[in-house]
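As given, the protein sequences belong to chains A and B, one line each in that order. Each residue of the first sequence is one higher than the one before, starting from 1 at the first, in the working numbering. Each residue of the second sequence is one higher than the one before, starting from 1 at the first, in the working numbering.
Treat the hints as calculated values from the structure; they're not laboratory data. One or more of the hints may lead you astray.
Same chains, same label: a pair holds when it works inside one copy or across any pair of copies.
Claimed, not checked - Straight-line Cα separation of at most 20 Å, SDA-like style, residue types lysine to any residue; simulated pairs:
id, residue 1, residue 2
1, K157, D16
2, K157, G177
3, K157, L87
4, K157, R18
5, K77, R115
6, K157, A7
7, K175, V110
8, K175, E61
9, K77, R63
10, K175, P44
11, K77, A46
Residues per chain are reported as follows:
Number of protein chains: 2
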Amino acid sequence: MTLSLDAAAQNLLFRDARTANAFTDEPVTDEQIQAVYDLVKYAPTAYNQQPLRIVLVRSPEARERLVNRMNEGNRAKTAAAPLVAVLAADNEFHEHLPVQFPAFPQAKDVLFGERPAREASAAFNAALQVGYFILGVRAAGLAAGPMTGFDAEAIDKEFFPDGEHSVLAVVNIGKPGENAWRERGPRLAYDEVVSVV
Amino acid sequence: MTLSLDAAAQNLLFRDARTANAFTDEPVTDEQIQAVYDLVKYAPTAYNQQPLRIVLVRSPEARERLVNRMNEGNRAKTAAAPLVAVLAADNEFHEHLPVQFPAFPQAKDVLFGERPAREASAAFNAALQVGYFILGVRAAGLAAGPMTGFDAEAIDKEFFPDGEHSVLAVVNIGKPGENAWRERGPRLAYDEVVSVV
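Pulled out of the complex, with its shape left as it was, chain A reads as follows (with noise of 0.2 Å):
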């Protein structure tokens, strides 16, 4: 009763969705990621800022590349995933604010003139937009898998040669297969996370 959203997307989003390890041959198509774009791209980021990059691996030659650069224990799974997305923050994501942001146009250079500052942010907005992407695939009846471990360094020079990104998470999207997930490991209790002052 203390919740508005129904129980049916509670248990999508939340409840009963889970980390995937193991994926369905069902293809993923890039309607289905519009799709999921299409509604996560208004969930909130400072400033309006919005700096998730998504890269959609589709090419063998591409999925190859970025195998190699995963830890051992992802590749399996990296390898055989219908679509695999690399998300990264555009660390020059301030060229877009005065567009973006209009209330504030030289938010541009007067916050995030300096590279350490627009990194910092870019990097914890974007950390935002993966959780809520994370979400949305799930919203698109897909399970999603997502990876940090993997040489960040490596991928961003071979998937970002600009030299503006850093990769934040990998993530394996797909229809649940066969033993997908291990059991749900434990959550900390409301008291051990929240408290009142």
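We have chain A already, so just place chain B on it with the hints.
Showing chain B alone in chain A's frame:
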């Protein structure tokens, strides 16, 4: 047709929901925040590390301490919101790992024994959880007003005197009031965000 999530849920979480800067006087109860947590706790983090910690700032004296550490432009709304939550990464999350990730009980020391690796992982994974939390607030029929404009060092000192937490966001929570938001900013086009290789 491409999304499994029903339209009402899409609207509640993404399409109609907005970052609020003004709220009604209606209180936000601990039961509501508990319901939010009991939903979003299921969303994934690496090694099930769950580094997000939440401080609900309820007492007038704590609210004043917080407001004084917000940037000028965030003070009035932080003072007036029915509830304010300080969201931080717990840089000692690894103490929970043997229980939370029993598949690899050595992760606590092998992966996260060193503080820099631990802080980086806590910052990224807690940021994912900030994203989940914002959507969870919306799932409860409430509006969130997330802010990153504050003196982070001062908030860490004031609200986390153990020196083991890093504030990531401060979130105003309540029912949206009159003129709660400005016009929604544009969003980047699909082709500006997503590429295929």
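Homomeric proximity label, K157 with A7: Cα distance no greater than 20 Å: Classified as neither; 43 Å inside a copy, 40 Å across copies.
query: Given a CA cutoff of 20 Å, do K77 and A46 count as a within-copy pair, a between-copy pair, both, or neither?
result: between (34 Å within a copy, 16 Å between copies)
- prompt: For K77 vs R63, is the C-alpha pair at or below 20 Å within one copy, between two copies, both, or neither?
  reply: within (11 Å within a copy, 48 Å between copies)
- request: With 20 Å as the alpha-carbon cut-off, assign the pair K157 and G177 to within, between, both or neither.
  value: Classified as neither; 32 Å inside a copy, 47 Å across copies.
message: If the cut is 20 Å between Cα atoms, do K157 and D16 qualify within a copy, between copies, both or neither?
response: So K157 and D16 fail the 20 Å test inside a copy (37 Å) and across (38 Å) alike.
query: When no copy is specified for K77 and R115, does a C-alpha distance of 20 Å or less occur within a copy, between copies, both, or neither?
result: Neither, since 35 Å and 30 Å both go past 20 Å.
message: Please sort K175 with V110 into within, between, both or neither, judging by C-alpha distance up to 20 Å.
response: Classified as neither: same-chain Cα gap 45 Å, cross-chain 32 Å, threshold 20 Å.
query: Taking 20 Å as the upper bound on the Cα-Cα distance, should K175 and E61 be classified as within, between, both, or neither?
result: neither (23 Å within a copy, 51 Å between copies)
message: Within, between, both or neither: how does the pair K175, P44 come out at a Cα-Cα threshold of 20 Å?
response: Between copies only: 17 Å across, 28 Å inside.
query: From the Cα coordinates, with 20 Å as the cut-off, is the pair K157 and L87 best called within, between, both, or neither?
result: Answer is within; shortest intra-copy Cα gap is 14 Å, inter-copy 33 Å.
Intra/inter-copy verdict for K157 and R18 if alpha-carbon distance must be at most 20 Å: neither (31 Å within a copy, 37 Å between copies)
The structure does not agree with the numbered hints 1, 2, 4, 5, 6, 7, 8 stated previously, though it agrees with the rest.
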